[in-house]
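Taken in sequence, the protein lines are chains A, B and C.
Under the numbering used here, think of the first position of the first sequence as 1, with each following residue one higher.
Under the numbering used here, think of the first position of the second sequence as 1, with each following residue one higher.
Under the numbering used here, think of the first position of the third sequence as 1, with each following residue one higher.
Since the hints were made in silico from the structure, they are not lab data.
All clues stand as given, with none of them false.
Pair by pair, the computed Cβ-Cβ distance ranges are:
no., chain 1, residue 1, chain 2, residue 2, range
1, C, Ser451, A, Gly134, 47 to 57 Å
2, B, Asp95, C, Lys492, 31 to 41 Å
3, A, Asp4, B, Ala130, 19 to 29 Å
4, A, Phe84, C, Lys31, 23 to 33 Å
5, B, Lys77, A, Arg267, 34 to 44 Å
6, A, Thr43, B, Ala130, 37 to 47 Å
7, A, Arg263, C, Gly423, 39 to 49 Å
8, B, His127, C, Glu466, 26 to 36 Å
9, A, Thr85, C, Pro67, 51 to 61 Å
Quick partial rundown of chain A residues pointing at chain B, CB under 8 Å, derived from the structure:
no., residue
10, Leu22
11, Thr85
12, Ala88
13, Leu89
14, Ile107
15, Arg108
Derived lysine-lysine pairs resembling DSS-like cross-links, with alpha carbons at most 25 Å apart:
no., chain 1, residue 1, chain 2, residue 2
16, C, Lys39, C, Lys22
17, B, Lys67, C, Lys485
18, A, Lys20, B, Lys78
19, B, Lys100, B, Lys67
20, B, Lys77, A, Lys20
21, A, Lys104, B, Lys71
22, C, Lys486, B, Lys67
23, B, Lys78, A, Lys11
24, A, Lys67, C, Lys539
25, A, Lys104, C, Lys545
26, B, Lys93, C, Lys461
27, B, Lys71, C, Lys485
28, B, Lys78, A, Lys104
29, B, Lys123, A, Lys20
30, C, Lys539, C, Lys504
31, B, Lys123, A, Lys27
32, C, Lys31, C, Lys15
33, B, Lys67, C, Lys481
34, B, Lys71, A, Lys20
35, A, Lys104, B, Lys77
36, B, Lys71, C, Lys481
37, C, Lys545, A, Lys67
38, C, Lys525, C, Lys511
39, A, Lys71, C, Lys545
Here the structure is a predicted model, which is why all the values come from computation and not from measurement.
Built from N, CA and C at the ideal position, the CB exists for glycine as well.
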Amino acid sequence: MREDEFLEGIKSHDRRSLAKMLSLCEKDPETANVLLDKLEKKTSHVVGITGSPGVGKSTLISAILDKMNGKNVGVIVVDPSSPFTGGALLGDRVRMQSHATNEKFFIRSFANRGALGGLSPSIYEACDTFESFGMDNVIIETVGVGQSEIDVSNIADTVIVVLSPDNGDEIQMMKAGLMEIADLFVINKSDNPRSQILLSRLRAMTAGSKEVPIYLTNAVTSEGVERLVRALDSRFFQILSDGTLSQKRRKRLLNHVKSMIRRELDRLVQSFEIDGISPKEMRDHIIEELCRKKRL
Amino acid sequence: MIKVMIAKPGLDGHDRGAKVVAKALRDAGMEVIYTGIRQTPEQIAQSAVDEDVDVLGISILSGAHMKLVPKILELLKKMGSNMPVFVGGIIPKEDAKRLKEIGVVEVYGPGTPTSEIAEQVRKFVEHSNA
Amino acid sequence: MNNGELNEKYKEWDKKTEEILKKYPERGEFKTTWGGETKRLYTPLDVGDYSNIGFPGEYPFTRGVQPTMYRGKLWTMRQYAGFGNAEESNKRYKYLLEQGQSGLSVAFDLPTQIGYDSDDPHSLGEVGKVGVAIDSLSDMETLFDGIPLDKVSTSMTINSTASILLAMYMTVGEKQGVSREKLRGTIQNDILKEYIARGTYIYPPQPSMRIITNIFEFCSKEMPLWNTISISGYHIREAGADAVQEVAFTLADGIEYVKAAIEAGLDPNLFGRRLSFFFASHNDFLEEIAKFRAARRMWAKIMKERFGVTNHSAMRLKFHTQTSGSTLTAQQPDNNIVRVTIQALAAVLGGTQSLHTNSRDEALALPTEESVRIALRTQQIIGYESGVPKTVDPLAGSYYIESLTDSIEKRAFDYIDKIEKMGGMVKAIEAGYVQQEISNRAYEYQQAIESEKQIVVGVNKFTSEEEPLKTTLKVNDDAEKEQIKKLRILKKGRDNEKVENALKRLENVAKSDENIMYPIVDAVKAYATIGEIANVMRKVFGEYKESITL
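In isolation and in its complexed conformation, chain A is listed as follows (with noise of 0.2 Å):
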């Protein structure tokens, strides 16, 4: 499929160039903005969800899509690349294959390919793409540990923090930002009794700080699913009207900026001869010919 093909694909909704698209976003990202440039601008509620493997992130995921009425859901599900072979297993839609062929979702796995913020490299141009086709929503699920939790912030218009009582989390809640970033937490595995506890503490933390609503699910069971999706929607309405959405836009915008910068300066590094050379020079060199590059 040749780009133009794509372009016009996407604008027709048709899945086939969905796919190629994304696959485009990873290969070549550069060239990805720039058709995408070329799309119409299109805005989803871009939900972030994040949390420590085996909170059920997954199964929460697949629950929420099940009382996703009539919507378009794209989700974005990252995994983490092995630092060694540079390979990856990539398993998270095994929980939500039974939405696989649903006309309305579109489910895709990232490798996080070693990217500093845990997230895919190319998430932004991915979460860009399903928004230009028309997606109501985009959800991204986070790889979990290290700092994509704190990452997705940069993308998501309203983060979800899930936590559970079976996973020691008031360690976790103790980690550094992770109780800042929470638009909205979700206390899964609500038929565990434990779970109350886990309220109690998780209320007497964020008491005194800012309104962070809690949730509780039971995702296998779909328990108090229906109730978040539909804090989700007026959420979405609310941060529309009051300004938040263009304040995290115009966050993300910066991010997805300094993200290409990112990937301009990687492959100038990687490609530098470094042969008896200051690590000073080194800079000036590569900042020369980063600016001697007018248009990327």
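Mind docking chains B and C on chain A? Use the hints.
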């Protein structure tokens, strides 16, 4: 970067081989998407196309391969994909021959070294990109 | 020589041997299947007190569950079989009984195991492939036609739909005039290992455990001679676990079932007698023998110390063994006869109650009549010609065997403790812990083969270009069409109102906490299909979704 999908169609729940091959391909530097067990041909074909994988591997040990594999190939074709498809599991020689005749690129029986599979997967992808 | 002197002499010998190594090195490192060290030599110093070994038929049963073992009765030779349709399977059963097999073992196809009728879209391509297709009582009647159920014992490899198949078997018996209390046999009925390794689950863990305890209760009242569960390690082993994991995860499953039954108000001193186990027998001959002994001793300790069981019979681990299918090769299939012989011998020396030996062609297809006969003869030669059954637990006291038995026991208990800390087996499965351990071990094993640290004769060494076996079994491909036709006829000919009422009653009982077996029996008698019955329960209990575990 080579993207592979490993899928298990039908009711067969034996996933040791599928998981071993998935890990081996990861260790060979590929990105491997695993579907889990009990997939319908429709789920597999749609997932493979949506993920835009370079090659699809089907693992099946229940004997249902002559009904399920052709169905998957047919669906892929209908969706406009010509991705190479290989099959692994317990497949009698005559069936393997028939499967190759309808377009399966290779059939791997028990005892096939995963290093051989990884090497051949690279070749399949090269050929289909050429 | 006392222990002190022995230790000194041993150290001397060891030092001298190390010297010799410089000129005559050993072939490599020797490890157990779980990666532990295998010493060059074992001595009385490696054996613990005899009280931990004990006498056969007495706690802790290390040496066997009965005092006379095979001197009284040889193990049951029970070959797993079943394919295509009920008529073909019926023929194969009669053949095996004629050839001297003492018990029947039924293999069902995947749709039957997962509660789908042969005409269900999920059943496409699967009908009659891995076993016999049973859609209703009518098929069951054909399957056992002319086989007197009071004269045979039947083992049915069925799990999620065990309740339904048991109800059918019981009904067939009653139609033959055999009352339910006389029926002997086993249903596998072990749902936990389905989640771990085999995949024929339907409902989530909680309702599945309820069904299982309902079956325990039903049988304790109605079918006292029936073994209500075969807690299985075979599939766990075949999925890639090592010997320690096989024992640990199986017994951990057992603990979970005993807990559930006790919670349901059953007395472990009673239902404990009807529990049985199912293990694999693998390549490492001596390790496998030790494994079986360790399992027996561990279970006795668990029942006595953890559950306070006092009834002697309820502490005994009785088990069936199947030789390992995954060790068989498609290359040079006759080698498999040798493998199976070694594996079968290990099971006998380990004190198994019944045994299935695989056929040589099983890496290629379902076995031919000739292949399955050789597999049966293997058991008969061991039983009647090898002399091994003449005395009880002949390898006891071997320094290596006792040391291995102790090692396996210790390491398996470590796993069990870990699982207890996670909150039990159900929690461990939901967290994907068990599956992950197995999957990792499977991968390590594959890497060992590919790096030739582990040799597989005929595959990565001593290979040959040879013609594959000329005759392999071809399964009748029309099974699917025939079954679908039969279903159509059945549904026309039965009292559909009766069926509807029975299903409605089942739904109500499923929602309550009454015993689900009784309405299932009624539904079965009305010729409701497996799919119809299973779907009622799907509606009430929901369906299980696989955990991500790679």
